[in-house]
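Protein chains in written order, with this note's numbering: chain H, 24 to 386; chain E, 24 to 386; chain G, 24 to 386; chain L, 24 to 386.
Don't read these hints as lab results, they were simulated from the structure. Among the hints, a few may not be true.
Which copy is meant is left open, so a pair is good if it fits within one copy or across any two.
Taking lysine-lysine pairs in the DSS-like style, the calculated list, with each CA pair at most 25 Å apart, reads [claimed, not checked]:
(1) K302 x K346
(2) K295 x K178
(3) K98 x K122
(4) K179 x K298
(5) K302 x K77
(6) K298 x K122
(7) K58 x K178
(8) K295 x K120
(9) K196 x K178
(10) K298 x K120
(11) K220 x K200
(12) K120 x K220
Just so you know, these numbers come straight off a predicted model, no measurement behind them.
Each chain is listed here by its residues.
Protein chains: 4
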Amino acid sequence: MAGNTFGDAFKVTTFGESHGAALGCVIDGVPAGLKISAKEIQADLDRRRPGQSKITTARKEKDKVEILSGVFEGKTLGTPIALLIRNEDQKSRDYSKIKNIFRPGHADFTWEAKFGVRDFRGGGRSSGRETVARVAAAAIAKKIIQSSTLSKQAKKIEVIAHAESIGAVEAEKFDPKQIEKNSVRCGDVAAAKEMEKVILEAQGRGDSVGGVIGIVVRNLPAGLGNPVFDKSEALFSHALMSIGGVKGIEFGVGFAAAKLFGSEMNDEFVVKNNKVAKKTNRAGGILGGITDGDEVLIRLAVKPTASISSLQNTVDSRGRAQKIQIAGRHDPCLVPRVIPVAEAMVYLVLADLMLTQNVKLKT
Amino acid sequence: MAGNTFGDAFKVTTFGESHGAALGCVIDGVPAGLKISAKEIQADLDRRRPGQSKITTARKEKDKVEILSGVFEGKTLGTPIALLIRNEDQKSRDYSKIKNIFRPGHADFTWEAKFGVRDFRGGGRSSGRETVARVAAAAIAKKIIQSSTLSKQAKKIEVIAHAESIGAVEAEKFDPKQIEKNSVRCGDVAAAKEMEKVILEAQGRGDSVGGVIGIVVRNLPAGLGNPVFDKSEALFSHALMSIGGVKGIEFGVGFAAAKLFGSEMNDEFVVKNNKVAKKTNRAGGILGGITDGDEVLIRLAVKPTASISSLQNTVDSRGRAQKIQIAGRHDPCLVPRVIPVAEAMVYLVLADLMLTQNVKLKT
Amino acid sequence: MAGNTFGDAFKVTTFGESHGAALGCVIDGVPAGLKISAKEIQADLDRRRPGQSKITTARKEKDKVEILSGVFEGKTLGTPIALLIRNEDQKSRDYSKIKNIFRPGHADFTWEAKFGVRDFRGGGRSSGRETVARVAAAAIAKKIIQSSTLSKQAKKIEVIAHAESIGAVEAEKFDPKQIEKNSVRCGDVAAAKEMEKVILEAQGRGDSVGGVIGIVVRNLPAGLGNPVFDKSEALFSHALMSIGGVKGIEFGVGFAAAKLFGSEMNDEFVVKNNKVAKKTNRAGGILGGITDGDEVLIRLAVKPTASISSLQNTVDSRGRAQKIQIAGRHDPCLVPRVIPVAEAMVYLVLADLMLTQNVKLKT
Amino acid sequence: MAGNTFGDAFKVTTFGESHGAALGCVIDGVPAGLKISAKEIQADLDRRRPGQSKITTARKEKDKVEILSGVFEGKTLGTPIALLIRNEDQKSRDYSKIKNIFRPGHADFTWEAKFGVRDFRGGGRSSGRETVARVAAAAIAKKIIQSSTLSKQAKKIEVIAHAESIGAVEAEKFDPKQIEKNSVRCGDVAAAKEMEKVILEAQGRGDSVGGVIGIVVRNLPAGLGNPVFDKSEALFSHALMSIGGVKGIEFGVGFAAAKLFGSEMNDEFVVKNNKVAKKTNRAGGILGGITDGDEVLIRLAVKPTASISSLQNTVDSRGRAQKIQIAGRHDPCLVPRVIPVAEAMVYLVLADLMLTQNVKLKT
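Okay, chain H solo, but in the shape it has when bound (with noise of 0.2 Å):
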C-alpha cells in the first residue's frame, strides 16, 4: 500500500515528480479492441493545462503524451497502456533557500516525517503537477464508459464538474454550456464574474482563495457499487479526497442531511418512463452504496490555496524559525484547476465499478 495504483479492474499507476524526468501512468485492464488515439488524451490534457488564463499559474508545459504500449494500429491490445509525459520546466531554479524550509499548507514537514527525504523541487511528487497522470488515466476510462453498451443504449454517461462558490460569491444557476467559456469554471455566468473577481483581488493582496465544486454524473444505470466497505460514495470519496487541497465531500444533500427529519429526508420512489425512480434526489443518486439511476451529486470543499506570496511564520529542519515568502506565481484559486481532476477521479472509479460488475450465470 505505498498509494500509487488506483483501482482494481482499470487499475491506475501512476509515477513521476513535478520537476524529475517526466511523469506518467500506466494502465492495466484496459478490454482489448477499443479505438483510442493519442489525442483524444490530449484533449483532456489541454483543459487540464495551466497558464491558460489570468488567474492560472504561467508554467508553460505542452504537456505532451506519447503513448508507449498497450495501443497497435489505433485500438487497445488488452495489454499494458503506458502514457508519458515529459517535464519540460526543469530550468535550474535556485532551491537552496526553500530546501529546509516547512512551507505552512504544505507536505514539506509530513513527508520529511515520513520519508527522511524529498524532492523539494516544486513540491516533487506532492506537487499538482502529480495529477497529469489522472487526467491522462481518465481520458481512457472516459472512453470505455462512454463506449459501452450501457452508454451508447441509453444515453451518454457523463461527468460535469464545475464552481459551485469561490469565497463567498455563489453560483445561483448551472448551464453547463457556460462552465468552458469562463476562467473559473462556473455554471453561472454572472456569479462567473463575481468569483474572477475575488480570485484576482486576493491574489492582489499574496493572497489565494478556497470554494466548492459541484459535481453531476448523468445517466449512469442503477445497480453500480458495492454494499459494504466499497459502497459507491466510499469509493468516490476514496478518489476525491485523494485530491491535494480537497477538505471534504457530501453527496446529495450531505451535510444538511443531518438537520432534517426522515420524513423530509427520504426519497419517494414512483415509475417515470416505465422505470422506478425517485420523486426526489435527496440521496444523490446513491442508495445503500448503489447508484439507484438518479444522477449522482457530489460537492467538494476546496482549501485556498497554500502558496502565498505574503509573509508567512514557520519554522526549518532545524526547528530554526524562519519568515517566508513564496516566490513564483501560483494559482490562487484551486478550482479551476481542480474541476478537471475531479472529473477524472470520476471517470476513474466508474470505469473501475463497469469492469467489475458481476458475471450474470444461467442459473
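Using the hints, position chains E, G and L against chain H.
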C-alpha cells in the same frame, strides 16, 4: 472488488446477513505474540449493541463473540483470526408484506438492480447489523495500535467519536468523560439532554432525525499515510463513508475552508516541546495526505434513519404504487449507534497504516 | 501478504488451526442467483475426509460444514459466503513432549523462526487439516464453473486428479471411473493394488512413501489466462505448490521438454470439428500463458509424509540433541489425501480466471 | 487481474510490446533513502541483452534504461520508480506473411482467442523481450535485499542461476565463477563446451533445444515466507513459471521425492555454528512454506525455442492449412537467456518477502 474486505496489511473480511445464521469476520495480518481475549472484543461489542436506552432499538441479542482461530494460549499466532457472532433474534416474523416493496431511503431497490435477488429479512446484508463485524475487528486493531512501541513510548493513541449535533441542537462543549454517560454520546451534558428530547419528539411523530458526529484522533505520530491515491484523508473517507447513513465527511475546518483566504487557512509551523508542531490546526492533522502529529479532526454528516413509521408512498418490484408504514421499533436517530462504528473504522485505517509503514534500511 | 487469501475475482480467505475451535473460509465474489446447498459442499468434504480406508488416518471427524452467510432460500445472494467446519477431535492429548522439539520435515522450526510462537497441537495451521477449507470453497468454485454458459454450451468442464505413481509403482492405464474405487485413487486397477502394498509395507516399517499426482482438466475453452506474470501455468503452480508436501510441478511433457528439440516439442495446429486445435498436446493445453482449448495436463511431485514412527534425530528449541518417534497414526502416503485438494486448487484458479475474463465492449 | 503487476509490498507493473515504442516498469514500494543509479540497472540489462555470443540472437539494441522518477540526487524518494527502455530495432520488416498464421508453440492462437486482436510484430507482448522490464526492476530488488541489515550483518544474499543441462548434456560440476565465462552460463567448463556444441548443431539443422536451469539462493535467513496460500515455493513457482518457455519447476530433490521413503527424505535437524540447521538439504531450504536458513534450491525445465527455421505445418486464422518457416535469427536455446530472468524473478519474490515480514510489537 466485491467489497467485503478492508485494509491491506491489516486485512478484514466480513460476512453475514441481519437474519442469517451468523455474522463475523476474518482478520489477516495480525502480528504474532499479541495478547488478546474474547473479553476485550466483547466489551466493544457490548458498547455497540442496541437496546441499551430508550432511544435505541429493542433487539435483544447478546452479540456474543467467539474467537474461532488465530489465538492460542491467550496470544495471537500470526495466523488469521476468525470471529463469530451468531444471530439469535431470527424470529419468524412475517416479511411477506414488505418482501417486494421498495422502502424509501433503503437499499431494497438498488440491491434488486444489482443482484436481482436479496435477503429481505431485516435488510439482509444492507442492515446496520453488518457493522458488528467491523467493531469486533477494530477491537483487535485498537489492541495492535495501543500495544505498539509508538503508542507506548508516547501517550496512548486513541479515537474519540461523539455527537456534535442532533437536528438543530449543537454541542457547545466537549468533555470526553461525558460521552458514555448519556444516551446520545455527546460531550456536552446540557446539549445531550436537548438532543435526547429532539430524538424522542421525532420518534413520537413516527419520524427520525439526523446529526453530526465529531471524531478526534489523539497522539498520532507524524508521518502516517501516503502521498497520492492513498492519502490519509482518502483512506479515512473511504472507511467512514462506507458506514450506512453517512452523507458527508470533512477534515479540520472542512467546508468552511471554501470560504477562507490562504492567509486564514494556513497553519504556521512552530516548535513545541522540541518538536515541530503547528500553531493552529485548521488542516485537521493531515498535510499532503500524511499525518502531521497534531490531532486528526473529522466530522461526519449522518442522515435521519430511513425506517420511519409514518405513512410513505413508494412502489413495489412490479412498479405498482404502494403505501408503506415501517413496523417494528427502529432507532429514531443513527448518531449514537454510528459512533462506535465510526471509531472502529478509524482504528482499522490506523492499524493498516501503522503496519504498512516503510521498512527502514541501512543505507 | 499474510497469505491466507487466494484469488482475485473469486476470493477465498481461509482460517483455522488443526486443534482450534474451527476451520473455515469466506468466499467473496460469488455471483448472485446460483443454486447451492450445504449438501453439495458436504459431498466434497466427505471425499477429502480422513479415516476412510486402511491407508488413511483414523481421525474420526465428521467435518460437517455449515453455511453461515451468503445463501438465502437456496440461492447465492452475491454477498460473502462463510463456511464453518468445527473441530471435534480436540482431545486433550499430551503435547508437552513434542512442544519444544523440531520434527524433521515439518514446519515447527520455520514457524518458530517466523512467528516466535506456534500452536504445537497437531501442527496448528501448518497441518494438512487446513485444506478442509480449500475443498469447501472449491465446491462452490466448481459449481460456478459448471453452471457457466461456457460449460453448459459445451461439455462439462471438470478436473480429474489421480495417483500416477507411488514409490516405484507407476500406473500404466488411466480409467477415470476407477479412481474412487481404490484407496490410492489410481486410474489403473492393477497398479492400485501394487501401490497399496507399497504403502502398507512402508507403514509396517514405521516409514512413509511419496508419489506423483496427475491432473487433467477437460473441456476448458481456449483463451483463459493472462500473458505476463499471471500466465495460467503461473497461477496453477502458485495454487498447487501451496499444498503441503508438493515439491514439484510440470505441465505437458514438463521436465522431458528439456531434452527435446523444437521440432519434437512444437504441437502442429490443425482444424478439428471446425475449430483450431493441436495435433498433439506436448504443451499441456497452455500456450503463452493462455489456454489453447486442449486438455490441461499437470503433474505434481508429492514427498513422503514427514511424520514417521521410526526413530529420528533432531534438536529442540534450545538446540539440544533429541531423538523423536512420532506417535499417533499418520497417513503413510499423502497422495490419496492430496488428490481432492489438488482438484480443489485447480477449481479455485479456474473460477477466478472465468470470472475475470475481459468484458467485451462494442467498439 | 490482468496480470501485469507482480508483488505486494515491492510491486512491479510492467508494460510494452516487442516492437512498440518502449518497454518499462513502475516499481512501487521501494523504501526511501536507498542509493541507486541507472548504471547499476544497466549492468543487469547488459547481461540479459541478446546478441552477445554466437548462440544468441543478433538483435542489436542497447536496451538503455532511463530512470524517469523516484530517484533524486542518487537516492530513492519512496515514490514510484519508473524505468524506460526504448525499442530501437523497430525496423519496418514485413509481417504481412505471418500476420494471420498461428506459429506452432507460440501464443498467436491463444492471444487471438483471448483478445481477438494482437500485435503480431515480433510476438508483441508475448515476446521474451517483455522480460527486459523484469530484469530492470529486479536490479532494484537486489539492491534492497543486499542493502538490508539482514544481508549486511550476515553474508550477502545472492541468487545464482546456471545451466544444469542442455539437451542430453548435463553439468557435472558447479563452479559459480565459471558461469559468466561461457556462452551457455554453465558452472562446468567442460560441459559448457558440449552444451554449446549441441546448441549449434540444432541450430544448423534449423532446430532448437531445451535444457534445465538450476537456481541457488544463498544466505537467506530462516523465517521468510507464509504458511498457507503464499508458501515460499508457491511464490517462487508463480514467479518462475511466469517466464515464457518454462514447463516445470522443482524444489530440493523435487520429483525424485516421489520415489523416496520418509526416512530417506526427512532432513535431520542439528546445531551448526550455534544455530539450528539441517544435516542435509533434500527439502531445498523451505519447510512448511517458510525458509529454513539453508540454501534454496530450485530447478526449471525450459522447453526448446518454439521459433525454428525448419518447415512446420500449421493453420491460419481462417483455419486454412499453412506451411511455415520462421525467418530471422532466433536463439536456438532459451536457457542462457532465461538465466538472468530467472534470477530476476527470484529477487522480486525475495524483496517482497523481506519488505512484508511481520512487524514485531512489544507485547
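Quick rundown of the hints versus the structure:
1. Only between protomers do K302 and K346 lie at most 25 Å apart by alpha-carbon distance; the minimum there is 14 Å, versus 56 Å within a single protomer.
2. When the C-alpha separation of K295 and K178 is checked against a cutoff of 25 Å, the pair qualifies only within one copy, where the shortest distance is 16 Å, while the shortest distance between copies is 44 Å.
3. For a Cα distance limit of 25 Å, the shortest separation of K98 from K122 across copies, 16 Å, qualifies, whereas the shortest one inside one copy, 45 Å, does not.
4. For the identical chains of this complex, K179 and K298 are intra-copy neighbours only, at 18 Å inside a copy versus 38 Å across copies, given an alpha-carbon limit of 25 Å.
5. Proximity of K302 and K77 under a CA criterion of 25 Å is satisfied in neither setting, with 43 Å inside one chain copy and 33 Å between copies.
6. Taking the shortest Cα distances, K298 and K122 sit within 25 Å of each other only across copies (19 Å), while inside one copy they are farther apart (60 Å).
7. Taking identical chains as interchangeable, the C-alpha atoms of K58 and K178 lie at most 25 Å apart only when both belong to the same chain, with a minimum of 20 Å there against 35 Å between chains.
8. Within a single copy, K295 and K120 get their C-alpha atoms only as close as 63 Å, which misses the 25 Å cut-off; across copies the closest is 24 Å, which meets it.
9. Within a single copy, K196 and K178 get their C-alpha atoms as close as 23 Å, which meets the 25 Å cut-off; across copies the closest is 51 Å, which misses it.
10. In this assembly of identical chains, K298 and K120 lie within 25 Å of each other by CA distance solely across copies; the values are 22 Å between and 63 Å within a copy.
11. With identical chains, the CA atoms of K220 and K200 are at most 25 Å apart within one copy only, with a shortest distance of 21 Å there and 48 Å across copies.
12. Taking the shortest alpha-carbon separations for K120 and K220, neither the intra-copy value of 33 Å nor the inter-copy value of 59 Å comes in at or below 25 Å.
Violation of the numbered hints given earlier is confined to hints 5 and 12; the remaining hints are satisfied by the structure.
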